[in-house]
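Student: So the chains spell out like this:
2 protein chains.
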Amino acid sequence: MKAAIPTNIHPGLLRSLQQFVGFTQSEYELFCTFLEVCHVKKKEIYLQPGKISHATAYVNKGCLRRYILDDHAKEIIVNFAIEDWWIGDLESFVHQTPTIYYIQALEDSELFLLTRSSFSALCEEIPKYKTFHDEKVQRNHYTTLKRLALAKSGTPEEKYLLLMKEQPQLFQRIPLHYIASYLGIEPESLSRLRKRLTEKPQKS
Amino acid sequence: MKAAIPTNIHPGLLRSLQQFVGFTQSEYELFCTFLEVCHVKKKEIYLQPGKISHATAYVNKGCLRRYILDDHAKEIIVNFAIEDWWIGDLESFVHQTPTIYYIQALEDSELFLLTRSSFSALCEEIPKYKTFHDEKVQRNHYTTLKRLALAKSGTPEEKYLLLMKEQPQLFQRIPLHYIASYLGIEPESLSRLRKRLTEKPQKS
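These protein sequence lines map, in sequence, to chains A and B.
Take the first sequence: its letter number 50 is residue 52 in this note's numbering, and every next letter is one higher.
Take the second sequence: its letter number 129 is residue 131 in this note's numbering, and every next letter is one higher.
Accuracy of the hints is not assured; some may be wrong.
Where chains are identical, the list cannot tell them apart; a pair therefore holds if satisfied intra-copy or between any two copies.
For lysine-lysine, the following DSBU-like pairs were computed, each having C-alpha atoms within a straight-line distance of at most 35 angstroms [what the hints assert, rightly or not]:
{"id": "1", "residue 1": "K197", "residue 2": "K161"}
{"id": "2", "residue 1": "K53", "residue 2": "K43"}
{"id": "3", "residue 1": "K130", "residue 2": "K167"}
{"id": "4", "residue 1": "K76", "residue 2": "K43"}
{"id": "5", "residue 1": "K53", "residue 2": "K161"}
{"id": "6", "residue 1": "K45", "residue 2": "K197"}
{"id": "7", "residue 1": "K43", "residue 2": "K63"}
Source of the hints: derived by calculation from the structure; they are not laboratory data.
Just so you know, these numbers come straight off a predicted model, no measurement behind them.
Please model the complete structure; the sequences and the hints are all you need to start from.
Tutor: Spelled out as structure tokens, the structure:
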């Protein structure tokens, strides 16, 4: 699964490292030497409950979903990750405890992995990478809190429209029943909802 | 509202600082000099939308709730904080942007505040305090992700029973309609649910 870093790195990676912690070109080049490429085929499971997450993963290409199984063995999607997002289970990665999540590729995907030892060595070599990482966790935390509030409030229609507005790209590549799971509504309800919204006379 | 640090500091504060980043007694004493006491009366609003969160707050005594108003002006409770928890809006605190949250005291409460300038000075003086803070955010993030998954899955009964198991102390001091809001269910449904569970013949 692993290979040398290819030349097709998504430009968003350098851009965020520059924007958030002022990475220089040479720091970026050094950073890249710590990455390991990992290809995950469509439908392949990248991580599953009971396993330990040995790396944080930058999605260079493709699309993945993270989910749990509830007590009735129903899949509950916690988040998606497409190009230029990160995915993994940080709790398992940091504490080396078994994860409770599944991570599955929804498309053939290319990940750049930072294993635990690379992560430590990188933070040692370029301390501001730790700042970058911590700030990423912090931003994720803000977003998750807002999503939690939204999950408890809002009608299915409001949740759907917000997702359409904020992440329209997800609708172009992710099967609708996964989007329904992410929104916490039944696939049939989502289909009816979309039909109703399409049929609504548009305001001009 | 502000006064000198009293002698009645909750023992949990020193305990976590020791446990997570190995604070010594003298570091703890120095840390305490950065805190400011703030009293918030029952029902008083400590933070509200549009304001900037100028401090992170350790709850030394009392109980508060953080909530948002949804599009229908319905209150959605995001979290509670009782003794030995922290409360605030980190996003607003870090980026000095207006908060979207209300924080209200549910009991007369005593908070120990770390203002932005104190926080910076403290991290400068005792760098491992920053580690403590970042790890706290990280732990909160894990919990919030799990709560998000639960909010999307699980029946009201499952959500209620889990909260009863994990944080039974909340039921002894927080009005039931707030607990219903936190669980994302209607107060009437929660009452019916509790009645049904009480009436259920207990397994011996």
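Student: For this structure, which hints from the list above don't hold up?
Tutor: none
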